[in-house]
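Enquirer: Chain residues, written in single-letter form:
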Amino acid sequence: MSSNTIKIRAKLSDDVTTVKALITHPMETGARKDKDGQVIPAHFIQEVTCESGGKTLLTAYWSGGVSKNPYLSFKFAGGNKGDSLKLSWKDNKGESASEEATID
Amino acid sequence: METDVKRRILLKGSMAAGALGVAVAAGLLTPTRVIAAWPDKAFAAKAMPDMLLELMGGENPEESADIKIKAPDIAENGAVVPVTISTTIAGAQSIAVIAMNNPAPLVASYDLGEGVEGFVSTRIKMGKSGDVVAVVKADGKLYSAKKGVKVTIGGCGG
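Chain order of the listed sequences is Z and S. For the first sequence, position 92 matches number 164 in this note's numbering, and the numbering has no gaps at all. For the second sequence, position 158 matches number 151 in this note's numbering, and the numbering has no gaps at all.
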């Protein structure tokens, strides 16, 4: 998968960096059926990690209960303008993607 | 001779596992960091105590006013319910988001690294009306809060 599945923004304000990310993903639970009554196979992101400067800031474990095209936001202290951040995801089919952003 | 070699390998393996176990017991490494895998049993659990035991190593969270859940009172579309959890509990290590009436109640679990604030925001699916529960693990103890969300159109159907 190409990395354009992720949009990430990190903004520093009052010594706290707020990270906001949007990921394009179907997030299928595996419990839904299509028009013909066929089960739509589960396809969802299981793990999202965000790291900066070799440190893991956040690890998220998700089920198919997270909405389609997931949104994620979190905050951390100690970031500096220009620092780079990397967000990666892995899904239950073994697909993955990552994207980098700099704090502004 | 050959069995001897195998035995030695086996012994080495079990010793390494033993050392790891000691590190876990000593609290040097949390199980989630050692295994670093998707907690399938917690996601499959229907009952809160089972889920929390798998996920956070405790069963009975203490209700806390220091956890805030921001979610709509009425969600018109259960497929997209914005939920923001924030907590002022010092040393928050992880935050779990649970939709009590979903077929798979555990929706998301977040491990917070050093310097990360007790704050996460996500959009979740809710099959029907019910409580959204947030569980925060801090300093080895569990705390929780809940908020009722009325769902007009369920988010798990076709």
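It cannot be assumed that every hint is accurate.
Said to hold, decoys possible - Pairs of lysine to aspartate or glutamate residues, derived as DMTMM-like cross-links and limited to a Cα-Cα distance of at most 25 Å, are as follows: (1) S:K121 x S:D132; (2) Z:K83 x S:E107; (3) S:K34 x S:D59; (4) Z:K92 x S:E107; (5) Z:K158 x S:E47; (6) Z:K83 x S:D124; (7) Z:K153 x Z:D87.
Said to hold, decoys possible - Partner residues aside, some chain Z positions facing chain S, computed with beta carbon under 7 Å: (8) Y143; (9) G150; (10) N152; (11) S156.
To be verified - Residues from chain S that keep clear of chain Z, each with C-beta distances beyond 10 Å, as calculated: (12) A64; (13) A101; (14) D104; (15) G106; (16) T145.
Bear in mind the hints are in silico, worked out from the structure with no lab data behind them. Note that CB positions come from ideal geometry on N, CA and C, so glycine has one too.
Enquirer: Please go over all the hints and tell whether each is borne out by the structure.
Expert: Hints, one by one, checked against the model:
1. S:K121 x S:D132: Violated - the C-alpha atoms of D132 of chain S and K121 of chain S are around 33 Å apart, more than 25 Å.
2. Z:K83 x S:E107: holds (18 Å)
3. S:K34 x S:D59: violated (28 Å)
4. Z:K92 x S:E107: With a Cα-Cα distance of about 18 Å, the restraint between K92 of chain Z and E107 of chain S holds, given a limit of 25 Å.
5. Z:K158 x S:E47: Answer violated: K158 of chain Z to E47 of chain S is near 28 Å, above 25 Å.
6. Z:K83 x S:D124: Cα-Cα ~32 Å, so violated.
7. Z:K153 x Z:D87: Holds - the C-alpha atoms of D87 of chain Z and K153 of chain Z are around 10 Å apart, at most 25 Å.
8. Y143: holds (5 Å)
9. G150: holds (5 Å)
10. N152: It is violated, given that the least Cβ distance between N152 of chain Z and chain S is near 12 Å, above 7 Å.
11. S156: violated (16 Å)
12. A64: holds (13 Å)
13. A101: Given a closest Cβ separation of 5 Å, the condition is violated.
14. D104: Nearest chain Z Cβ is 4 Å from D104 of chain S, so the label is violated.
15. G106: The claim is violated: G106 of chain S sits with its nearest Cβ about 5 Å from chain Z, within 10 Å.
16. T145: At roughly 16 Å from the nearest Cβ of chain Z, T145 of chain S sits farther out than 10 Å, so the non-interface label holds.
When held up to the earlier numbered hints, the structure conflicts with 1, 3, 5, 6, 10, 11, 13, 14, 15 and fits the remainder.
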